[in-house]
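K.L.:
Protein chains in written order, with the UniProt record's numbering: chain Y, 1 to 127; chain W, 1 to 127.
Hints were generated in silico from the structure; no laboratory data involved.
Certain hints may be false.
Identical copies carry no separate label here, and so any pair may be met within one copy or between two of them.
The calculated lysine-lysine pairs, modelled on DSS-like cross-linking and capped at a C-alpha distance of 27 Å, are [unchecked claim]:
no., residue 1, residue 2
1, 4, 63
2, 55, 4
3, 4, 90
4, 49, 4
5, 90, 49
6, 63, 49
7, 55, 90
8, 90, 63
Note that the coordinates shown come from a computational prediction; the quantities given were computed from them, not determined experimentally.
There are 2 protein chains.
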Amino acid sequence: MGDKPIWEQIGSSFVQHYYQLFDADRTQLGAIYIDASCLTWEGQQFQGKAAIVEKLSSLPFQKIQHSITAQDHQPTPDSCILSMVVGQLKADEDPIMGFHQIFLLKNINDAWVCTNDMFRLALHNFG
Amino acid sequence: MGDKPIWEQIGSSFVQHYYQLFDADRTQLGAIYIDASCLTWEGQQFQGKAAIVEKLSSLPFQKIQHSITAQDHQPTPDSCILSMVVGQLKADEDPIMGFHQIFLLKNINDAWVCTNDMFRLALHNFG
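Using the sequences plus the hints, can you model the full thing?
P.N.:
Here's what the structure looks like:
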């Protein structure tokens with residue numbers, strides 16, 4: 001743990017926590033967002049913790065499992081942490097699909113919250 | 001142009017400019033970065049305008065063409081703009097490959113510069 005830069009430790013901890021919580025019970029994801037948070041889900045915009053949790057809770061699957069292929073983390077000039085995730089997911093009995101997602105994390109009152117979140121399925125990327 | 005939020009106008013203008021410049025002459029990309037900029041290229045980290053331009057200039061292809069499939073933009077609480085791009089690229093006579101890239105833009109002295117940039121090829125995303 002001591003080898004990696006702090007932003008990589010925080011970023012990867014957040015990412016692990018996010019997908020574990022998403023897969024176990026995504027209705028509980030509210031804690032990681034604030035009222036200023038923005039989510040863009042497959043091109044649709046959602047603003048604020050309540051709207052974001054409502055969108056994630058209403059996604060049309062019961063079971064979901066994410067698997068991370070790669071993740072990158074960087075510090076930003078405003079002391080935030082930017083994370084990019086590439087992975088695969090399986091919803092219910094649907095085929096496995098690729099996805100990518102990015103998170104911007106900000107430290108507010110000693111807690112790292114997600115202020116910006118963008119998700120897209122990787123349906124058209126295969127060359 | 002008047003319909004879209006300002007962050008989407010700025011984000012999409014930047015993205016268009018970035019790939020036009022990259023495809024025409026990527027050695028000229030220095031102007032969009034600053035000394036505090038970070039690039040993560042296929043998992044490798046580069047810090048600062050000079051190192052970033054050196055990396056991009058030394059990529060092992062002559063011709064390159066990017067095509068954008070989708071792009072998403074959001075404002076951040078620190079008045080930056082976060083952009084996520086999904087697309088395809090063709091380098092020299094290689095097969096077309098998918099990619100995703102993210103940019104964090106900051107307004108410094110009335111110019112939008114890129115402080116954070118992450119790029120990955122979409123080789124393992126096909127489900």
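K.L.:
It remains to establish, for every hint, whether it holds in the given structure.
P.N.:
How the hints compare with the structure:
{"no.": "1", "hint": "4 - 63", "result": "neither (33 Å within a copy, 36 Å between copies)"}
{"no.": "2", "hint": "55 - 4", "result": "between (34 Å within a copy, 22 Å between copies)"}
{"no.": "3", "hint": "4 - 90", "result": "neither (30 Å within a copy, 34 Å between copies)"}
{"no.": "4", "hint": "49 - 4", "result": "between (31 Å within a copy, 23 Å between copies)"}
{"no.": "5", "hint": "90 - 49", "result": "within (25 Å within a copy, 40 Å between copies)"}
{"no.": "6", "hint": "63 - 49", "result": "within (22 Å within a copy, 44 Å between copies)"}
{"no.": "7", "hint": "55 - 90", "result": "within (18 Å within a copy, 36 Å between copies)"}
{"no.": "8", "hint": "90 - 63", "result": "within (8 Å within a copy, 37 Å between copies)"}
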